[in-house]
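J.: Using the sequences provided together with the hints, build the complete structure.
Protein chains in written order, with full-length UniProt numbering: chain A, 1 to 247; chain B, 1 to 368; chain C, 1 to 314.
Note that these hints are calculated values from the structure, not bench results.
Each hint should be verified, as a subset may be incorrect.
The calculated DSSO-like cross-link candidates involving lysine-lysine, where the alpha carbons are at most 27 Å apart (straight line), are [unchecked claim]:
#1 K364(B) x K59(C)
#2 K17(C) x K364(B)
#3 K71(C) x K364(B)
#4 K142(A) x K212(A)
#5 K17(C) x K23(A)
#6 K245(C) x K123(A)
#7 K134(C) x K212(A)
#8 K152(C) x K199(B)
#9 K123(A) x K30(A)
#10 K249(B) x K334(B)
#11 K171(C) x K223(A)
#12 K77(A) x K212(A)
#13 K361(B) x K71(C)
Sample of chain C residues lacking proximity to chain B, with all beta carbon distances greater than 12 Å (derived) [said to hold, decoys possible]:
#14 I76
#15 Q123
#16 K223
Note that the Cβ used here is the ideal one computed from N, Cα and C, for glycine as well.
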Amino acid sequence: MAEKVIVCKELTKRFGDFYAVNKISFAVNKGEIFGFLGANGAGKTTAMRILCGLSHPSSGEAQVAGYDVYRQAESIKKNIGYMSQKFSLYENLTVAENIEFFGGVYRVPAAEIQKRSDALLQKLGLTGEAKKLVGALPLGWKQKLAFSVAIFHRPRIVFLDEPTGGVDPVTRRQFWDMIYEAAASGITVFVTTHYMDEAEYCDRVTIMVDGKVEALDAPSRLKAQFNANNMDEVFYQLARGAKRSGD
Amino acid sequence: MKQFFAFIRKEFFHVFRDRRTLLIMFGLPVAQIVLFGFALTSEVKDITLTVIDQSHDVNSQQLVSKIKSSSYFVVSEAAPGFNDIAGAFKNGTAKCALIFPANFGSDLQHRGRAPLQIITDGSDPNTAKTVVNYLTAITTAYQQEINPGKPLPYLIIPEPRMLYNEEGNGSLNFIPGVMALVLMIVCTALTSVSVVREKELGTMEILLVSPFRPLMVLIAKAIPYLILSLLNFILILVLAVFVLNVGIKGSIVLLFLESMLFIITCLSFGLMISNTTNSQQTALLLSMMGMMIPTMIFTGFMFPLENMPGVFQVIANLVPSHWYFLIIKAVMLKGLGFKYIWKETLVLLGMTLLLLTIALKNFKTRLS
Amino acid sequence: MSTVVLDHITKHYDQGKVLAVNDVSLQVGAGELFGLIGPDGAGKTSLFRILTTLLLPDKGQASVLGYDCVKDYRQIRNRIGYMPGKFSLYQDLTVKENLDFFATLFGSSINENYALIKDIYEQIKPFNDRRAGKLSGGMKQKLALCCALIHKPEVLFLDEPTTGVDVVSRKEFWQMLKNLKQQGITILVSTPYMDEAVLCEKIALIQGGNILSVDTPDGIRSKFPVPLYAIRSDNIYQLLTALRKEPGVDSSYAFGESIHITLNEQQTNMAAIQQSMVAKGHTQLSMEQIQPGIEDSFIRLMNQAQPAIAWQRK
Numbered sequence: 001m002a003e004k005v006i007v008c009k010e011l012t013k014r015f016g017d018f019y020a021v022n023k024i025s026f027a028v029n030k031g032e033i034f035g036f037l038g039a040n041g042a043g044k045t046t047a048m049r050i051l052c053g054l055s056h057p058s059s060g061e062a063q064v065a066g067y068d069v070y071r072q073a074e075s076i077k078k079n080i081g082y083m084s085q086k087f088s089l090y091e092n093l094t095v096a097e098n099i100e101f102f103g104g105v106y107r108v109p110a111a112e113i114q115k116r117s118d119a120l121l122q123k124l125g126l127t128g129e130a131k132k133l134v135g136a137l138p139l140g141w142k143q144k145l146a147f148s149v150a151i152f153h154r155p156r157i158v159f160l161d162e163p164t165g166g167v168d169p170v171t172r173r174q175f176w177d178m179i180y181e182a183a184a185s186g187i188t189v190f191v192t193t194h195y196m197d198e199a200e201y202c203d204r205v206t207i208m209v210d211g212k213v214e215a216l217d218a219p220s221r222l223k224a225q226f227n228a229n230n231m232d233e234v235f236y237q238l239a240r241g242a243k244r245s246g247d
Numbered sequence: 001m002k003q004f005f006a007f008i009r010k011e012f013f014h015v016f017r018d019r020r021t022l023l024i025m026f027g028l029p030v031a032q033i034v035l036f037g038f039a040l041t042s043e044v045k046d047i048t049l050t051v052i053d054q055s056h057d058v059n060s061q062q063l064v065s066k067i068k069s070s071s072y073f074v075v076s077e078a079a080p081g082f083n084d085i086a087g088a089f090k091n092g093t094a095k096c097a098l099i100f101p102a103n104f105g106s107d108l109q110h111r112g113r114a115p116l117q118i119i120t121d122g123s124d125p126n127t128a129k130t131v132v133n134y135l136t137a138i139t140t141a142y143q144q145e146i147n148p149g150k151p152l153p154y155l156i157i158p159e160p161r162m163l164y165n166e167e168g169n170g171s172l173n174f175i176p177g178v179m180a181l182v183l184m185i186v187c188t189a190l191t192s193v194s195v196v197r198e199k200e201l202g203t204m205e206i207l208l209v210s211p212f213r214p215l216m217v218l219i220a221k222a223i224p225y226l227i228l229s230l231l232n233f234i235l236i237l238v239l240a241v242f243v244l245n246v247g248i249k250g251s252i253v254l255l256f257l258e259s260m261l262f263i264i265t266c267l268s269f270g271l272m273i274s275n276t277t278n279s280q281q282t283a284l285l286l287s288m289m290g291m292m293i294p295t296m297i298f299t300g301f302m303f304p305l306e307n308m309p310g311v312f313q314v315i316a317n318l319v320p321s322h323w324y325f326l327i328i329k330a331v332m333l334k335g336l337g338f339k340y341i342w343k344e345t346l347v348l349l350g351m352t353l354l355l356l357t358i359a360l361k362n363f364k365t366r367l368s
Numbered sequence: 001m002s003t004v005v006l007d008h009i010t011k012h013y014d015q016g017k018v019l020a021v022n023d024v025s026l027q028v029g030a031g032e033l034f035g036l037i038g039p040d041g042a043g044k045t046s047l048f049r050i051l052t053t054l055l056l057p058d059k060g061q062a063s064v065l066g067y068d069c070v071k072d073y074r075q076i077r078n079r080i081g082y083m084p085g086k087f088s089l090y091q092d093l094t095v096k097e098n099l100d101f102f103a104t105l106f107g108s109s110i111n112e113n114y115a116l117i118k119d120i121y122e123q124i125k126p127f128n129d130r131r132a133g134k135l136s137g138g139m140k141q142k143l144a145l146c147c148a149l150i151h152k153p154e155v156l157f158l159d160e161p162t163t164g165v166d167v168v169s170r171k172e173f174w175q176m177l178k179n180l181k182q183q184g185i186t187i188l189v190s191t192p193y194m195d196e197a198v199l200c201e202k203i204a205l206i207q208g209g210n211i212l213s214v215d216t217p218d219g220i221r222s223k224f225p226v227p228l229y230a231i232r233s234d235n236i237y238q239l240l241t242a243l244r245k246e247p248g249v250d251s252s253y254a255f256g257e258s259i260h261i262t263l264n265e266q267q268t269n270m271a272a273i274q275q276s277m278v279a280k281g282h283t284q285l286s287m288e289q290i291q292p293g294i295e296d297s298f299i300r301l302m303n304q305a306q307p308a309i310a311w312q313r314k
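T.: Structural data, given as structure tokens:
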């Protein structure tokens, strides 16, 4: 039995009489790439916020990295990394300054920051750009750097919110190479995406509809279950019936 | 024309559906009038004064009773010793102390001069200063009374604010200042924010791409705020007259026209800001820095200009609200007519035309 | 005469420091549904803004409906519909008020061109009195399209209308575009989603300000110069890593549950690759030759052009 790093039981978030997240239950294994899909407004973002310790659930239970989301939000934050398409790095700081800043935020010792950041820049081929402002980098490089920064402090789980939106197809695949590598090193990856082919790269996929988890399984099994050729069709079958949709 | 009215209607929808805008627009003048009119006034009333009279003669008693009869002071009868003054200041039973030395009366009568010590609570310097001024004024008046025809040992420097304010009503000067401030917040800040919001929403692109002439977009944006500002102006006048009991001495029509000119100044400035910025925060910050802070500092309604370094007095001349303040003060409080303020009006008009030209010139029919 | 013409258009930003569009030429025929396909920063929005007369090109000429985008911008503005990328309507106005406003702004009325928007508008009509800010993503998108159409434009420019929208709404949106095309409107649409390319009649692949290729989707796919194979196993990532080390493999990219590969020389055959993979312990291997998709073509073209377009900043 694999170690579980995220466990949700009947997790619910209510705003007034609106159930943004409605009794969702799932468990994520260590080192797993866990896809989190859903139509706009299905409750993905709300659920992700709860798991990152940013928002309190209304009811239900959830443990992230062994810590309780109600009482130990601060401990959760120390053990996770987060990256989204909208915010990733400070554009007006240099590459090296960004790494140093985020390393410092997560209390990575200074000597260690130096060592890891050299290795990181080398790996990304950015050694020559270390003193360049992040804003001057092409989008694809920015996203790859952002991901590296999100796992710089070696978190147990990394949350990725549409990390590849708008990125060119080659960079998108390079990005997934990095995700695989992180997962292989034992970091659990929790990822949302609008690209259905990316859903196929996940070990298991959750599809949320109207605040509920409507499907949860390996992509191949989901395709068999819904008698579909690809994840796009699976998603379409499930989400078509959605009552609500938002941003 | 139909487009134009549709646009204006839309702008009104924006204003009336946004509680924050409404609050800024109509809550602010009320709050400002009340604040400046009552709370922040540097005018003093019912100041508790303690008297230590070591002379106990006719002169000292006459002076004390004169002070008593003014509405500014409440004199505590029991005169404590010197050591009690600090205590009285601390526990708030007195704000100032008046000490007559022994032989006050005889010194005054025989030598023609007598020292009189005034001690005030310096922790509130504004009040303290005013208190000293009042006491000095009362003393001087008393001195004139008992020494008719004799030259005075010191010059009387009446506080300029008192000049047109016989009843001692301190809110007077704030009214023109608040007017300038509120009109500026509504016109400059709200106008620039409303244009920039369209940029943020992406609707500005559609407006530009539409057959509606881009310049008309600016004018249509400005008109609702012009109307709302005039309403605001009326609101302030009504508050001034009925809440603060400040009479309007001059012509209301003149007041209205001059305010209209100033509103256009502010609108031009707001449009100028919106041309150069792309985010609502920047627009708001620029209008604050560009208009509101200079208004507070350089009109002279909060801090007397006369006491400022020369450089500041020169800079003040470049601030439109400084001129508007002078105009409104003249018309509203002194009751002066146009022939006394045409120079100020001309300066304001010149500034307005300059700002408007810059605003319209910089407005682009395309992006960036 | 083409409805939209871009002739050697170049555009820089930041005083020439950033090259956004590099010598782009293309033509869109009357009544065509034309897609501009490329990632963020490819120059799609710049091209749209030049065509909608919002930006001046540094070099080259552009025209819409025969009118010059610089000189005759007024005529163009009267005849086109535009939905900018970040367009989000007036959140504090209701559905009807938004529509009314844009109709009046373009000198029209809802009734005048009702037939054109009927199919789309009927879906959001029940929410006529709801404020736009309270609409769902899909409904907002429909309302925005209605607003862009309300004056019956001859050409419609839609800049990334489906970005950030879920699969279901995206499918509906493309259906609406197909219906509009049948009414004779020329439509230019941009998207970063490669899978939407096949829904257009003609597409331009764009990357780093350069056009990689302009053709019909089938045309672009048929130009793929070498055979393409899909290979799969029960562990895609390990297979991918192994294929990259395989000398006979020229390119290998993950595509969902399979990996698309091209081979180095015609002589290398797939059987040899398969044998090599089996020898390395990969299980449940299967492979077949497949028809390339738009994304395959895009990747190949992009890699060919890469030396030329990487780092165009001065």
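J.: Evaluate each hint against the coordinates.
T.: Now for the hints, and whether the structure bears them out:
{"no.": "1", "hint": "K364(B) x K59(C)", "in the structure": "holds, 20 Å"}
{"no.": "2", "hint": "K17(C) x K364(B)", "in the structure": "holds, 22 Å"}
{"no.": "3", "hint": "K71(C) x K364(B)", "in the structure": "holds, 15 Å"}
{"no.": "4", "hint": "K142(A) x K212(A)", "in the structure": "violated, 33 Å"}
{"no.": "5", "hint": "K17(C) x K23(A)", "in the structure": "violated, 52 Å"}
{"no.": "6", "hint": "K245(C) x K123(A)", "in the structure": "holds, 18 Å"}
{"no.": "7", "hint": "K134(C) x K212(A)", "in the structure": "holds, 22 Å"}
{"no.": "8", "hint": "K152(C) x K199(B)", "in the structure": "holds, 24 Å"}
{"no.": "9", "hint": "K123(A) x K30(A)", "in the structure": "holds, 25 Å"}
{"no.": "10", "hint": "K249(B) x K334(B)", "in the structure": "holds, 6 Å"}
{"no.": "11", "hint": "K171(C) x K223(A)", "in the structure": "holds, 20 Å"}
{"no.": "12", "hint": "K77(A) x K212(A)", "in the structure": "holds, 25 Å"}
{"no.": "13", "hint": "K361(B) x K71(C)", "in the structure": "holds, 19 Å"}
{"no.": "14", "hint": "I76", "in the structure": "violated, 8 Å"}
{"no.": "15", "hint": "Q123", "in the structure": "holds, 22 Å"}
{"no.": "16", "hint": "K223", "in the structure": "holds, 35 Å"}
Hint check: violations occur at hints 4, 5, 14; the rest are consistent with the structure.
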